[in-house]
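Just so you know, the sequences run in chain order Y and L. Under our numbering, the letters of the first sequence match residues 1 to 414, in that order. Under our numbering, the letters of the second sequence match residues 1 to 414, in that order.
None of these hints come from the bench; they were simulated from the model. Among the clues, some could well be false.
Put simply, identical chains are the same to the list, so a pair is met inside one copy or across any two.
Claimed, not checked - In the DMTMM-like style, the derived pairs of lysine to aspartate or glutamate whose C-alpha atoms are separated by at most 20 Å in a straight line are:
hint	residue 1	residue 2
1	K100	E299
2	K255	E344
3	K39	D286
4	K291	E133
5	K347	E133
6	K132	E96
7	K300	D283
Residues per chain, in single letters:
There are 2 protein chains.
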Amino acid sequence: MNKVLILGAGGVAKVTAIKCAQQPEVFDEIILASRTLAKCDLIADAAKRLTGTIIKTEAVSVSMTDNTDLVALLEKHRPNILINLVDPYFDLIVMEACLKAKVNYVDTANFEPVEEARMRYDEQWAMSDKFKEAGLLAVLGCGFDPGVSQAMTAYAAKNYFNEMHELHIMDCNAGDHGHVFATNFSPEINIREVGSPARFWKDGQWVNVDPIISPLESRPDYHFAFNYPEIGPKETYLIYHEELQSLVKNFPTLKVATFGMTFGPQYLAHLRVLQNVGMTRIDEVDYNGFKVVPVKFLEKLLPDPASLAKNYTGKTNIGCVIKGLDKNNEPKSYYIYNICDHAECYKETESQGISYTAGVPPMTGAKMILQGEWQGTGVFNVEQLNPDPFMKALMTDGLPWVEVFDKDVPEVKW
Amino acid sequence: MNKVLILGAGGVAKVTAIKCAQQPEVFDEIILASRTLAKCDLIADAAKRLTGTIIKTEAVSVSMTDNTDLVALLEKHRPNILINLVDPYFDLIVMEACLKAKVNYVDTANFEPVEEARMRYDEQWAMSDKFKEAGLLAVLGCGFDPGVSQAMTAYAAKNYFNEMHELHIMDCNAGDHGHVFATNFSPEINIREVGSPARFWKDGQWVNVDPIISPLESRPDYHFAFNYPEIGPKETYLIYHEELQSLVKNFPTLKVATFGMTFGPQYLAHLRVLQNVGMTRIDEVDYNGFKVVPVKFLEKLLPDPASLAKNYTGKTNIGCVIKGLDKNNEPKSYYIYNICDHAECYKETESQGISYTAGVPPMTGAKMILQGEWQGTGVFNVEQLNPDPFMKALMTDGLPWVEVFDKDVPEVKW
Chain Y
1 MNKVLILGAG GVAKVTAIKC AQQPEVFDEI ILASRTLAKC DLIADAAKRL TGTIIKTEAV
61 SVSMTDNTDL VALLEKHRPN ILINLVDPYF DLIVMEACLK AKVNYVDTAN FEPVEEARMR
121 YDEQWAMSDK FKEAGLLAVL GCGFDPGVSQ AMTAYAAKNY FNEMHELHIM DCNAGDHGHV
181 FATNFSPEIN IREVGSPARF WKDGQWVNVD PIISPLESRP DYHFAFNYPE IGPKETYLIY
241 HEELQSLVKN FPTLKVATFG MTFGPQYLAH LRVLQNVGMT RIDEVDYNGF KVVPVKFLEK
301 LLPDPASLAK NYTGKTNIGC VIKGLDKNNE PKSYYIYNIC DHAECYKETE SQGISYTAGV
361 PPMTGAKMIL QGEWQGTGVF NVEQLNPDPF MKALMTDGLP WVEVFDKDVP EVKW
Chain L
1 MNKVLILGAG GVAKVTAIKC AQQPEVFDEI ILASRTLAKC DLIADAAKRL TGTIIKTEAV
61 SVSMTDNTDL VALLEKHRPN ILINLVDPYF DLIVMEACLK AKVNYVDTAN FEPVEEARMR
121 YDEQWAMSDK FKEAGLLAVL GCGFDPGVSQ AMTAYAAKNY FNEMHELHIM DCNAGDHGHV
181 FATNFSPEIN IREVGSPARF WKDGQWVNVD PIISPLESRP DYHFAFNYPE IGPKETYLIY
241 HEELQSLVKN FPTLKVATFG MTFGPQYLAH LRVLQNVGMT RIDEVDYNGF KVVPVKFLEK
301 LLPDPASLAK NYTGKTNIGC VIKGLDKNNE PKSYYIYNIC DHAECYKETE SQGISYTAGV
361 PPMTGAKMIL QGEWQGTGVF NVEQLNPDPF MKALMTDGLP WVEVFDKDVP EVKW
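Given these sequences and hints, build the entire structure.
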């Protein structure tokens, strides 16, 4: 019997749960567990209404140092796979729980400690031997980007290229949620990300760039308008994203690897002010004897990302531009992307497109493991697993993709 | 023996204390009291160093509902006057303490309740009979504006006008403190002020205008560049200030009364973002079971206004443009203003110009009472007291003023 346990009850977990519920022939049993049972129950209600499938819900408490409760829950249900969709601070302790309870593991964001915003796989990679010894598979970063972006790259490498030289992950959200300022996923995680130094890979080393949140003048060369299919030109800014770390390691022929993301001028103006006044700080500040973390307090004030879904319009376009030598060692340009429509996502899962694009792939990844398409023991990044069945499944799982070749590939200007 | 007790140990209290200490022939004894004795001691140290005068310091706790401790302190020291320079939430309870202990009262900002930002004298005016019965004088709003702005108006009425028709209080800070965003006095009080609806007096009624913190498009007509002497043209925005309430009452011939203040584009941009994200809210927000007031939390993050003083450069120019009929019933335009230089203020009092302009007048007002120039029982606004000796004293107390007549008066464009 194929059982999956989804840990977390945020916007992404809702999509993953509903997408699993759409495929009862794959997932015989779905358990949704989080700190707050009521949030799980709301998602289970939506899944029942939208798919007819019953999801079991459980309350479980996990701290940064204690997974006793989670281990007990895993031992009670004995799922084949745990899909970890809680804040990335908990990745290591959740992975430890999977080792103890002998459960395969899938997540969507790299571990980072609360006290330091950083994007790297080192700590999770270091657990690979333990997963090997336990005969378990852990798949890291199986959302859209990281996740699908790496499968797209692996798909290109396998099917079109002898040697990849340039990789540009291009992430555009051209949606409109009607708020002057809101974040599409956890404001805390979002702000930690855009407040981190940007960097890209060039000729065997990392080139550091000021965070996107810095005054624009400090990084004049790191934005341009990329012409996204079905959307049009949108100003795109260089940021750093964790999958670049594993991609340049697994595809050592890459001379250049970048990650670009669109931001609106209003969004950036707000972020810069919040940075200036200290509201993006992740350390504790004394408030009448109580410790308050500015970015966590800001989260209490901003709209709940899930609440944006209902009136969200417009599209997302996320994909990879790859350049190199094709199977005949001729120069080749290739662009592969997915487009999602926020309103369509809402119709299907009562979620916005950012949650949708991040929430579908962990379901598809879990399916690959259950169906034996992805096998192995240890800790893997997505590009290390066979891209073909995964990319094929995305076509019908809700994230269909398009390929563009050579002269039709939009120009990348960095 | 002339004793003054200064309540509060913020930036304004520091100036008032040092200015009192400069005139030991007027103030035989100065007591500085606040919640935190260490803050009082720091000010007393500065006063000793800068003037040679010894200031006594005391710790005293006052809550919004309990003045027992303050009454005991007043009964211990028996000052002639209490100068109230704590947050305006405490005005009423401090006035009650003065009634109990038989002490005259001076403050610089109108009472407002914590839960509602508002500028009005109603609650304090309602205490006038109690002060009369006690044979005590309370002078409200004796800072610069309110305060000197009203004395200037009364001075004009007494010496130049038969009938005043227009009054425009023009407040410019052309200083530079070197921070991207900081407030010149308590961020909480500052933000409550600029977040409040603006209004002005026209033809016997109040005209309401959106707060300055609103999107600029919502109030296109309420800003213009006023040509401040020694500074030059500076964009000035219509806001509401409490002294307009008493001025239009005490000078009923006024057909128009406005208050304009300069703001830089960066300052306004920051305020608008903080408003958009909810950081200017004055209500309590739950943060992990603890109640946090956003604007008070913001205050913990922003630079301490007192810390701005050392490197503050540039000038302030605050004054009144008055139009009407002169003593011969001929049309007359009149402009009276004071200029302060931030660096000069720092040299004299180790304080910036905004604290200085607000902190000198309560000293001068207290001197007027001690010298018998201001007499009476009940609650008074500054324009109800003889402006001549007060204006004369300002000349040598650190706030000298300049008069400009008729065609030399810069144009007011609202």
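Problem set entry | Within, between, both or neither: K255, E344 at alpha-carbon 20 Å | Answer is neither; intra-copy 38 Å and inter-copy 59 Å both fail.
Exercise. How do K39 and D286 come out at 20 Å by Cα distance, when the copy is not named: within, between, both, or neither?
Worked result: Intra 30 Å, inter 18 Å, cutoff 20 Å: inter-copy only.
Exercise. What label fits K132 with E96 when the C-alpha limit is 20 Å: within, between, both, or neither?
Worked result: Within one copy only: 13 Å inside, 76 Å across.
Exercise. Quick one: K100 to E299, C-alpha cut-off 20 Å, is that within a copy, between copies, both, or neither?
Worked result: Neither: 33 Å inside a chain and 47 Å across chains, both beyond 20 Å.
Exercise. With identical chains treated as interchangeable, where does the CA-CA distance between K291 and E133 reach 20 Å or less: within a copy, between copies, both, or neither?
Worked result: neither (41 Å within a copy, 48 Å between copies)
Exercise. Is it within a copy, between copies, both, or neither that the alpha carbon of K347 lies no farther than 20 Å from that of E133?
Worked result: neither (44 Å within a copy, 72 Å between copies)
Exercise. Which holds for K300 with D283 at a C-alpha limit of 20 Å: within a copy, between copies, both or neither?
Worked result: both (16 Å within a copy, 13 Å between copies)
Hints 1, 2, 4 and 5, counting from the list given before, are not met by this structure.
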